[in-house]
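Taken in order, these protein sequences are the chains called A and B.
Just so you know, our numbering puts the end of the first sequence at 359, numbered straight through with nothing missing.
Just so you know, our numbering puts the end of the second sequence at 1214, numbered straight through with nothing missing.
None of these hints come from the bench; they were simulated from the model.
Straight-line alpha carbon distances no greater than 25 angstroms define the calculated SDA-like cross-link-like pairs of lysine to any residue that follow:
(1) A:K17 x B:A1066
(2) B:K1013 x A:S340
(3) A:K30 x B:Q1042
(4) A:K30 x B:T1010
(5) A:K17 x B:G1064
(6) B:K1025 x A:N355
(7) A:K17 x B:V1095
(8) B:K1013 x A:D335
(9) B:K1013 x A:N31
(10) A:K17 x B:E1063
(11) A:K123 x A:I166
As a plain string of letters, each chain reads:
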Amino acid sequence: MLTSLEINNFRCFESLKLNQLSRINLIAGKNNVGKTALLEAIFFALTAGNPQTLMRFNAWRGLQKVRGEHGAANGGEAVWSPVFRDFDSTRPIRIETVTDQGDFERFELDVVTDPAELSRLSKRVQTGNPALTIASSSDYVQALRVQSVQAGVARTVYMTSSAQGIDTGLQTLPPFESAFFTSQQRVNFDEAAQWYTQLVRSGQEQLLLDGLRIFEPRLRSLALLIYGGETMLHGLLDQKAYPPVPVILMGDGIGRVASWISAMSLSKVILIDEIENGLHYSVQEGVWRSLAQAAREFDVQIVATTHSHEMIMAAQQVFQDDSDFQYQRLSRSEDGHIHSAVYDRETLSAAVEMNLEIR
Amino acid sequence: MSVRPAHTITLHKPVLLFVEGADDKGVLEALTRWLHLESRIQILLMEGKNNLRGRLLATRNAEGFAQVRALGIVLDADEDAKRSFQSACDALRVVGWPVPQAAAQVVGQAGAVRTGILILPPQQVAGAIEDVFLHALNDSRLMRCVEDYATCAAQTLGKALEKPGKMRLQTYLAATAVGKRLGESAGVRDLWDWNHPAFAPLISFLRELTSVDE
Chain A
1 MLTSLEINNF
11 RCFESLKLNQ
21 LSRINLIAGK
31 NNVGKTALLE
41 AIFFALTAGN
51 PQTLMRFNAW
61 RGLQKVRGEH
71 GAANGGEAVW
81 SPVFRDFDST
91 RPIRIETVTD
101 QGDFERFELD
111 VVTDPAELSR
121 LSKRVQTGNP
131 ALTIASSSDY
141 VQALRVQSVQ
151 AGVARTVYMT
161 SSAQGIDTGL
171 QTLPPFESAF
181 FTSQQRVNFD
191 EAAQWYTQLV
201 RSGQEQLLLD
211 GLRIFEPRLR
221 SLALLIYGGE
231 TMLHGLLDQK
241 AYPPVPVILM
251 GDGIGRVASW
261 ISAMSLSKVI
271 LIDEIENGLH
281 YSVQEGVWRS
291 LAQAAREFDV
301 QIVATTHSHE
311 MIMAAQQVFQ
321 DDSDFQYQRL
331 SRSEDGHIHS
341 AVYDRETLSA
351 AVEMNLEIR
Chain B
1001 MSVRPAHTIT
1011 LHKPVLLFVE
1021 GADDKGVLEA
1031 LTRWLHLESR
1041 IQILLMEGKN
1051 NLRGRLLATR
1061 NAEGFAQVRA
1071 LGIVLDADED
1081 AKRSFQSACD
1091 ALRVVGWPVP
1101 QAAAQVVGQA
1111 GAVRTGILIL
1121 PPQQVAGAIE
1131 DVFLHALNDS
1141 RLMRCVEDYA
1151 TCAAQTLGKA
1161 LEKPGKMRLQ
1171 TYLAATAVGK
1181 RLGESAGVRD
1191 LWDWNHPAFA
1201 PLISFLRELT
1211 SVDE
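Next comes chain A alone, as it looks inside the complex (with noise of 0.2 angstroms):
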């Protein structure tokens, strides 16, 4: 379980650290205060800074038909620009975690400017692709460097942009699983259909079926059946009129519930972006205690953001006695600097009392 987070250069971020943090997280703050992007930094530290990631960050900030411009002539817009703070890349990205094992990692990332590396890379690239002829100028070809460090070894890993594509360099599998939902990523039935099958397997779908009943209190079981060619995950009611029910056409909701909790299955830590999205107030304190159940269960932790007062008010109720339970809020000072304020129980319970605003 991550303990400490700190981001240097990374999107908005110049420097923010986290300390604190605990097995549910939950993070609140205006608008551009850096919250999805709090997230992709925990992602891309907990997928073993697998370059691929910056990739997927751009498409689920519907930038994926961003292909990045070649060459220092037309001023070097690379695909991984976006990420580095104020679109700067001659500041390093630094990325650090610390586990409660005392498990410390370290991530920097760079974009390459030594004429001889390049030179390096763009032969690379060449040898990749001997079909393709291009000159040997390293104009060609853009490389981001991302350094690690992860249970004391150190490597390093290119990601290139020439004028064949993007290639992330070496794939690499994260030292342990993460899943990161985004505030309007539909479910994806496959892997919806893997997590759920995990959940039987470990003998845990109670804990999902109990989840959605928060939801629909006459849903009586789950299974996953063919709808439309595709496996899907279904619920059948008490009423043996109903026919199963794809879980997925139950509401967005039940729909991204149902994920968060399969999800936990195969995953140790959980990343959601604006949780409250699609969850009536009355279903959030329930969902709280079912997600903070199963996270128990699978000992996984879950790292949330939200807009939502009613949300925060909800977690304040069910974990006003918990400790498992984090509170913070990023605010962004005069001088543009982000940085997190962090609420402990006493902290939060007594903000809740006085009605102060906290999102």
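Mind docking chain B on chain A? Use the hints.
The following block gives chain B in isolation, referenced to the frame of chain A:
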């Protein structure tokens, strides 16, 4: 239990004033209006001395705190003025803000949050905000009637009155501002003479707190 949406408070004035309860809030609101300081002082409830520490911590993290220049705490002396003062000092210490050496003193450096604690009634070992108002009524003819009533009531009951100060003030208000609590009465035009020396320490404290953001 489901939580319903609620209107939330943001910090939007340079001086914060923590008071114990609704009556104190009403009094301080009326007084700040009379002093034309209402645009500079935001009054917040602590709803009990024991809540002060948590509420200071919450305030420090709240939206708008960056513009706060001073923070005052107004407490009743209750049975022990020193203990009340010390409890507020302890809360300030936990939050890491300047701690005054004495009541009514405003301490701290310019550019940071300055703090002050006022214990009511000032310069007394025990008492509450009602005693400040009773002091302001020393010369009132109506108070002689109230005193007669209090004496008669104690004799009839055969025991000393509990909270005699509060009882006297409520009796006075029953005659002059029917149905109103102290906090509400503070807003009644011409009912209270804010120029009375009894209110001078309060006024001085508010002026001192607001002087830092001028």
